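Please take these sequences and the hints and turn them into a complete structure.
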Amino acid sequence: MLQRQVINHRQVAWLVGGVLMTGGMIGLYQSIIQVAKVDAWLFQIIPIMYAILIAYVLLELGHAFPGKNLFEILFLVCGKWVGGFINLILLLYIWMILVIDVKGLSYFVKASLLPQTPLEVILLVFILLMMSYRTLEVTARVNEIFFPANVISSLLMLCLLINEYDVQRLDPILSTSLKGIFFGNYMTMGMFGDVLLFGAFLPMFIQPRLFFTAIKHGVMIVGFATGLIMLGLLLVMGHSIASRLSYPVLALVQQIHVTDFLDRVDIFLLSIWFPSFAIKVIVAFLALLTGIGSFAGGTQHKPFIPSLGLFLIITALLSFPQVEDVERFVGYSYTSVVLFIQVPLLLFLWIRGRIERRRAGNLKSDLPHGTRYNQFYRTMEWTSNLSILGCLLTALIGKWCFEQYMFLSQYVIIIVVVLLVIALVTSYLQMQTVNRYLHKTGRKKIGTYT
Amino acid sequence: MDKVFRIIFGCVLLFMFFRYLRKRKRWEPSQSRIVGLLYLLTFLILIASLFPNVQLMPINYINDYFSPQMKMWVKQS
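Here the protein sequences come in this chain order: A and B. Going by this note's numbering, the first sequence opens with residue 1, and the numbers climb by one from there. Going by this note's numbering, the second sequence opens with residue 1001, and the numbers climb by one from there.
A few of these clues could be false.
[As the list claims (entries may be wrong)] Covered stretches of chain A (in silico footprint by chain B; criterion: 3 or more residues with CB under 8 Å from a CB of chain B, positions within the stretch not fixed):
no., region
1, 158 to 166
2, 285 to 296
3, 316 to 327
4, 333 to 344
[Stated by the list, open to error] Derived DMTMM-like pairs (lysine to aspartate or glutamate); straight-line CA-CA distance at most 20 Å:
no., chain 1, residue 1, chain 2, residue 2
5, A, 68, A, 366
6, B, 1071, A, 324
7, A, 302, A, 403
8, A, 110, A, 266
9, A, 399, A, 164
10, B, 1003, A, 120
11, A, 302, B, 1028
12, A, 68, A, 137
13, A, 37, A, 403
14, B, 1075, A, 325
15, A, 110, B, 1002
16, A, 110, A, 120
17, B, 1071, A, 325
18, A, 80, B, 1028
19, B, 1075, A, 324
20, A, 37, A, 171
21, A, 110, A, 324
22, A, 440, A, 366
23, A, 80, A, 356
24, A, 37, A, 166
25, A, 68, A, 263
Bear in mind the hints are in silico, worked out from the structure with no lab data behind them. Note that the structure is predicted; figures quoted are calculated from it, not measured. We put the beta carbon where it would ideally sit given N, CA and C, even for glycine.
Following this line, the structure appears as structure tokens:
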């Protein structure tokens, strides 16, 4: 059933954006600020690299096993029993994502919009909504409306808060220890690791290279947008207040005071944010359905939906009895669990993918050497990769110079933001180059796996 | 979990299970087995949730034992 659906590169990029951007907004920011303090705005640099590495492994798998999803590949490579065991762990991982998001979002809705409604009812309605989406294609189309609205509203929020900014709240920039900054990055890696969910939909992405560039662009959108939100949060509230709040982003929206009559702007923004939050859960639910479907060997996922929905309701209700539990888990345990599962799995899959490609003699580049498309693609690839690396190096050099030349630290923010913009633009150009080449050569047709 | 919700949830589960028993002959055997297993797990978890002191979810275990250790380690370093 999934093989017959096709989504384009822009939808993939925005889906990745929707999945990653909303992941941390509920329970992660406050934990990062507790650890990284005034330098929490550097929280996304290592996670961006990690997410791109995951996308690279998916690219290899797309080349090596065309038309197969992550679960089918594991069955193919490891056999029925070992493959089944690894797939079971992957299913537990996706179930964990679902439980965290469903419960976290229910707490969030209860706190922000429906304080009198029982949590069970909010959760039930939310899972019913999730069960109504049966294909990624529909989800991608819905996301095409809400993801741009989410990004624009977030940027608009930062503009409307301009009268609340106080640069002194960021001082002294880069004063947190290197370990603190590293732990801030470590905590976010779990959130960016959710890119692996897209491995469940590999057959839908006809051209692996285009899929890779789309994921990279989506990751860059999230890295840039969440960096700005975090910077806004620190500029408006400072690290001491933001680290004590349960929902710092909600509190940030509530700080908008443009005029006397324009009150409760948070209601407008929440109406845009809520569908965006739902998109992530729907993508995870569809990935879980695909995984369970692979055990049955069938292509029809419809019979699993009611039973899986009921299972999710009861398990989500029994998990995380308090809202603080969600924050604590997302902040301090989630990344460890994610890395424990993902790192060996990705390493194994990458090696198997390379072996399979070498065996099939399928190691040649997607874009032929010497063509202007290839040259431009390589230039953009290098520029974006060096920009991301440049962000890390700038932060390290700035931190190193902090004791001697404190005035330099304020330029670090400007350089990092500029480098992130360069990486964002070049990742877009990278994606467009592959897309144009595929259009020109006529390889972008449904059902052609190359 | 609220008592009324638990009763309603139990009734819905029973209804869906009987619906599954009627429909399962039309499905592939492997599909039918997995759906049956999911219903069985849900039913067992619902029963176990009646005992308030039973810690059911593995997530809660990790959260209760691993998160505080990790938090302490991060704050110390």
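These are the hints, each one checked on the structure:
Proximity of the region 158 to 166 of chain A to chain B, defined as three or more residues with a beta carbon under 8 Å from a beta carbon of that chain, is not established by the 0 residues found. Restraint check on the region 285 to 296 of chain A versus chain B: 3 residues with Cβ-Cβ distances below 8 Å, three needed, restraint holds. Proximity of the region 316 to 327 of chain A to chain B, defined as three or more residues with a beta carbon under 8 Å from a beta carbon of that chain, is established by the 6 residues found. Coverage of a stretch by a chain is defined here by at least three residues with a beta carbon nearer than 8 Å to that chain's beta carbons; for the region 333 to 344 of chain A and chain B the count is 3, and the condition holds.
With a CA separation close to 19 Å, the supplied pair residue 68(A) and residue 366(A) stays within the 20 Å bound. Between residue 1071(B) and residue 324(A) the CA atoms are separated by roughly 13 Å; this keeps the pair inside 20 Å, and the hint holds. With a C-alpha separation of about 61 Å, the suggested pair residue 302(A) and residue 403(A) falls outside the 20 Å cut-off, and the hint is violated. Only pairs whose Cα atoms come within 20 Å are accepted, and residue 110(A) paired with residue 266(A) is accepted, the gap being roughly 14 Å.
For the hint linking residue 399(A) to residue 164(A), the alpha-carbon distance of about 27 Å lies beyond 20 Å, and the restraint is violated. This hinted pair checks out: residue 1003(B) and residue 120(A) have alpha carbons roughly 11 Å apart, not beyond 20 Å. A C-alpha spacing of about 12 Å is found between residue 302(A) and residue 1028(B), which places the hinted pair at or below 20 Å, so the restraint holds. For the hint pairing residue 68(A) with residue 137(A), the CA-to-CA distance comes to about 18 Å; that is within 20 Å, so the pair holds.
At roughly 18 Å between alpha-carbon atoms, residue 37(A) and residue 403(A) fall within 20 Å of each other, so this suggested pair holds. Restraint check: the Cα-Cα separation between residue 1075(B) and residue 325(A) comes to about 18 Å, which is no more than 20 Å; the hinted pair holds. Restraint check: the Cα-Cα separation between residue 110(A) and residue 1002(B) comes to about 16 Å, which is no more than 20 Å; the hinted pair holds. A hinted pair counts as satisfied when its Cα atoms are at most 20 Å apart, and residue 110(A) with residue 120(A) qualifies at roughly 10 Å.
At most 20 Å may separate the alpha-carbon atoms for a hinted pair to count; residue 1071(B) and residue 325(A) meet this at roughly 13 Å. About 18 Å separates the Cα atoms of residue 80(A) and residue 1028(B), which keeps this hinted pair within 20 Å; it holds. A distance of roughly 18 Å separates the Cα atoms of residue 1075(B) and residue 324(A); the hinted pair therefore holds under the 20 Å criterion. A threshold of 20 Å between alpha carbons decides the hint, and for residue 37(A) with residue 171(A) the separation of about 10 Å falls inside it, so the pair holds.
Only pairs whose Cα atoms come within 20 Å are accepted, and residue 110(A) paired with residue 324(A) is accepted, the gap being roughly 14 Å. The hinted pair formed by residue 440(A) and residue 366(A) meets the criterion: a straight-line CA distance of about 13 Å does not exceed 20 Å. A C-alpha spacing of about 19 Å is found between residue 80(A) and residue 356(A), which places the hinted pair at or below 20 Å, so the restraint holds. Under the criterion of a C-alpha separation no larger than 20 Å, the hint pairing residue 37(A) with residue 166(A) is consistent with the structure, at around 16 Å.
Between residue 68(A) and residue 263(A), the direct Cα distance comes to roughly 51 Å. Violation of the 20 Å bound is thereby established for this hinted pair.
Of the numbered hints listed earlier, those contradicted by the structure are 1, 7, 9, 25.
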